[in-house]
Structures are given as C-alpha cells and as structure tokens.
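Let chain A serve as the given structure and place chain B on it in line with the hints.
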Amino acid sequence: MKIVIIGNSATAVGAVEAIREYNQTAQVLVISEEPHSIYSRPMLSHYLAGEIDRARLAYRRADFYTRHNVQPILNSRVTAIDPEAHTVHTQDGASYPYDKLLISTGGVPIVPPIEGIDTGGVFSFSRLDDVNRILEHIQARPTWNAVVIGGGMIGMKATDALMRRGIRVTMVELAPRILNTALDEIGSGIMTRLLTGAGVEVCANNTVTAIHSQQGYVSSVTLRDGREIPCDLLVFGIGVRPNADLAKEAGLEVNRGVVVDGYMRTSHPDIYAAGDVAEAYDLVVDMNRTVAIWPNAYRQGATAGGHMVGVHREDPGGVAMNTVEACGIAAMSIGDGAASEEEYQVLFELNERQPYYKRLVLKDGRLVGAILVGNVNRAGIYTGLIRNKIDVSKCDRALLSEHLGLLSLPDQYRKHIVTGFGIEV
Amino acid sequence: MKRIVIHEEYCIGCRLCEVHCLVQHSSSRDIIKAFKVEQPRVMPRVMVEESGPLSFALQCRQCPEPSCLEACISGAMHRDEETGAIVCDEERCVGCWMCIMVCPTGSIQQNLSGTRIASKCDLCYGAETPACVANCPNEALTYEEI
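First to last, the protein sequences are chains A and B. In case it helps, the numbering used here puts the first sequence at residues 1 to 425. In case it helps, the numbering used here puts the second sequence at residues 1 to 146.
Hints were generated in silico from the structure; no laboratory data involved. Here the structure is a predicted model, which is why all the values come from computation and not from measurement. Just so you know, even glycine gets a beta-carbon here, dropped at the ideal spot from N, CA and C. Just so you know, not all the hints are guaranteed correct.
Which chain A residues stay away from chain B? Per the calculated CB distances, all over 12 Å, these [said to hold, decoys possible]: (1) HIS137; (2) THR222; (3) HIS403.
Covered stretches of chain B, going by a simulated chain A footprint (3 or more residues, C-beta under 8 Å) [said to hold, decoys possible]: (4) 16-29; (5) 71-84; (6) 92-101.
Chain A is nowhere near these chain B residues, computed Cβ spacing over 10 Å in every case [stated by the list, open to error]: (7) VAL5; (8) SER113; (9) ALA134.
One chain only, chain A, in its complex shape (with noise of 0.2 Å):
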C-alpha cells in the first residue's frame, strides 16, 4: 500500500505514528512545501521571544523520518490532485501515486489587502521562515516599536515575543476588545491591563487602513480613526484560513475547511482531512467546523493514520481551547468558555489584583467552557469534564475553589479516574 500525506507539522507526525503503530509495511510519503524537517509552529514565538535556540524547535527527533520509514519529499509543493488517477501532482512537475492520501495542509495566514503592503519589514507570522525573516530584520535593523495586527491568540503571542525583546509593540484589534473569541469581557479587560502596565498600545475596534514606508522600508501606520502609528516592523497575527485549495480544485467536498466524518475521510473514500485544513467535529458546539489547534490536529492526523491501515477508531471529536500569556499570566479558555451570560448559567470568581479569574459555564447541568486567567492548576479537570459530559450541577461551586481538585467532582466520575480507566462514568 502507498500513503501519501501532504503537510508536514502535528497532523502528519499523528498520522505517520498511527500508522506505524499498527502497519510496518506500507509505503510512506510525506511531501512538504517547506524545506525544514518537522518543527513545532506553536514554538515559534518561544523561538522569536528567543527563548529558545533553532534546535529546540524540533518537534521530533532528527531520524522521525527513517525510524518510522518515511520518505520525505521536503521543499515541494503539490499543485493537484487527481482523485480518479490516484495521483498527486508537484510543482517540479513529479508525479506520486497513492492508494490512501492524507491532506494535512494547514491553513494559510490571513492578510488582508492594505494600501502599501508590499514593503519591507512586513512579515506574516505562521512559519519559521517567517520568523527567520523577523529576525534576520530585527538584527539588520534597529527595531523599537512593532505594529501587530490580530489581537487573538496569535497575535498575542507575536506581541509577548516581541516585548521580550525589548519592542515597543502597538496591538491592532479590528474587534471591541482582544482575544474576544477565547476570554469574555472581564478575561480579555484583565489581559488588556497587563499589556497595557507593560507598555503595549492595545487599539481595538480599530484597523490599519494604510501602510507607508520610508527607503523601503515600513516607517508608520495609518489607523481607521486617523492616529499615525511610527514603527519599523509590521506583523499580522490575524489567524489562519484553511489551506483547502487543492482539496477545492480536486472536486471534494469543502466548506470553510475540507469536510470530514469521523474517520476523517473525506467526499472521496481514498482521501482523508485532518488538522487546521479540515472541518471535524466539536463537540461542544455538536456540529463540524474548523479549529485550528494543535492537539486536534495531532489527533485528527492519528485518527486518520489509524483508519487507513484497517483500525477504525472513530474521533470522540475535538474541544476548542488554547493557552496564552501576557507579562508571564497565563490564561485558558476552554470549549464555550466566552458563552453568554444570557443563554448559559455562569459561575465565576475573581480577583483583580492577582490577577485571578475562573468563569465556569454550564448548559443542563453539564460543563460546557472554562476560562481561567492566572492561576491555571490542574486545568484539563475541566477538559475531562466538558469531554465526559458529566453532570456537575450538585457541586458547581466547588469547582469553582482555587484548590479544584478530584474530590471537587462528583463521587462516581472521581472513582472513574482514581480508581481506574475500567469503571464506567
């Protein structure tokens, strides 16, 4: 049997360890656009706060690829695929076959078109050669303020890295507030603060409309009410689109991402989604849409790994949550975490001055979302409940103690994990 996957980040790595877990004998391929051996694109702001060196961003060690006999085809990009063939198509015009294909193409960064884009010192900030090209102008020319357009967790992790370098950074949010999808307002007002004390501009509600440059280089921003921002570096942290161009152009079906069912196949039995491109089930919100997270797509990828090689293990579905941290405050949002107050029954605790945050949301009973903001102990007690759908309603309070812990849970569900994985929920 030939697989092929394309893509090479958590979703490939899943799929590529799946299937070697079961399979020592199929033929594997995994053609990448880029050029570099698997790294971790979630590091990448540890790696531009310089924190961490080039080696670090090695998400597996150096022989990933011949301990699990893989082919790499790195440094190429396909440009299409044929279903009825079975084949897919590079760019320097070479032809694979396959028998069961995997597209793990990630998404690609949002940069919406603005006057005066094409000059230097603008970057994007979703691979590593983007980081290398931030660095390499940062080292060539003195850079002391830094526009960042996107106030959502990628953005914010552009603007934590840069102030660890000693950039003044002004954050650009086109929505009233930052991080207005994973905190609700007071998350998000408590987070603002911290950038601010630290000496972050944060402008919400605003956008950048123009782009000038002086020798070629970004020298200020034009805002939609009109202030004129000075920098010298220009990044866009606005997110990431699903990459599902090629999985357009094959005739698959796509909505916003590439649908898939529970296997993660797609509208072609021999072609499989999964990761940031595909659009899998959540199941908080009951329905398939696109969350481009790494432990979903390291799982999507096993998943998907696991049912071409004959183990057919349906996903439970994914949970959208992520980690991010201002001034060294760390904060989460988990599953519907921001859901209102007017459909949802909310519980929370706060402690401005700490900062400390907690703000549990139940539907029927059940957990649906979390937000914790500074103190983040023991925090997947929530994921496990939100997944397990178990009923909290007669000790929601105490889930709410700055001392969570099993026995905040009810008796049968704490048995379940302290006992062991055979007792029933």
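Chain B alone, transformed into the frame defined by chain A:
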C-alpha cells in the same frame, strides 16, 4: 505495562508518598537537602488530596491514549521506549501548559522555580517499584500489571 493503582479506602493521608517522591527526584537524594537547599526547587510528582476521612494519593494515571501527548507542542511529552511510561523530557519542555490544559486527572503540575517545566510522574524511570508505592505504609498504592 505496570501501573500504579490507588486504593483510596486504605489511604490515611500521611503524605509519605510525597516526601519520598520528592527525595527520589532530587539530585542529592538527601531528604534535608532536597527540601531545604536544592534549586530549582524539587517538587513531588504525586499529590495527596484530602477532605475529612477521604484521602488518596494521585499521580499520572498513564492513560492508554494520553491527551498530554497529543497536546504537547514541543515533543517533550513522550512514551519512554523501554518502560512504556508517559514521561516529560524536561530539557525540551517550554512550560506552555498545554498538557495541564488537557490532563483530565489534573496530575501534571507547573514547576516555576527554574526554567518553567511541566512536572509529572515518571514511574521512577523503570524502577522495580516507584518510590511512592514502596514507601506507602498502608499499601494504599500498589504497582500492578494491568
């Protein structure tokens, strides 16, 4: 693979498991130095939860399909090839807390005293009996093939 089994009905909350775990994971292996002197601070990877008469010692449950492993962005969290245990390579961990966000048992902890790392049970790296089990006076922890 052998796993640690928790018997909450036998636990008396003496926390000897925490003490011995900490010493086991210190570089001096000396109880006084481990508690008082060593930097970065040594943390026990087992935690006793207690409320009234009920108590138990909790450490990583070694899930068959570990969420921490799929969520780890650095590749630090991995299955040890020799022992089969899920362990965190502290040299590679960057302290992003993704594992803490997904662990349903809440048994991974932040260690912020040196470089930030996720601290978890490693089953004492292939030891015949992990320190917490060996030193539990009440057999509230046992090490069994499951």
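Review point. Are all C-beta atoms of chain B more than 12 Å from that of HIS137 of chain A?
Key: 24 Å, holds
Check your understanding: For the region 16-29 of chain B, do at least 3 residues have a Cβ located nearer than 8 Å to some Cβ of chain A?
Key -> violated (count 0)
Point to revise | Coverage of the region 92-101 of chain B by chain A (three or more Cβ within 8 Å) | key: Three-residue rule met by the region 92-101 of chain B, so holds; n is 8.
Check your understanding: Within the assertion that chain A covers the region 71-84 of chain B, do at least three residues meet a Cβ-to-Cβ distance smaller than 8 Å?
Key -> holds (count 4)
Review point. Does the claim that SER113 of chain B lies off the interface hold, with its Cβ farther than 10 Å from every Cβ of chain A?
Key: At roughly 14 Å from the nearest Cβ of chain A, SER113 of chain B sits farther out than 10 Å, so the non-interface label holds.
Point to revise | Separation of THR222 of chain A from chain B, once the least beta-carbon distance is taken, above 12 Å | key: For THR222 of chain A, whose nearest Cβ neighbour in chain B is about 35 Å away, the distance exceeds 12 Å, so it holds.
Check your understanding: Holds or violated: is the Cβ of ALA134 of chain B farther than 10 Å from all Cβ atoms of chain A?
Key -> 20 Å, holds
Review point. Does HIS403 of chain A sit more than 12 Å from chain B, CB to CB?
Key: Not fine: 9 Å to the nearest Cβ puts HIS403 of chain A too close to chain B.
Exercise for review: Quick one: work out the minimum CB distance from VAL5 of chain B to chain A and report holds if it exceeds 10 Å, violated otherwise.
Suggested key: At roughly 7 Å from the nearest Cβ of chain A, VAL5 of chain B sits no farther out than 10 Å, so the non-interface label is violated.
Of the numbered hints stated above, those contradicted by the structure are hints 3, 4, 7, listed in ascending order.
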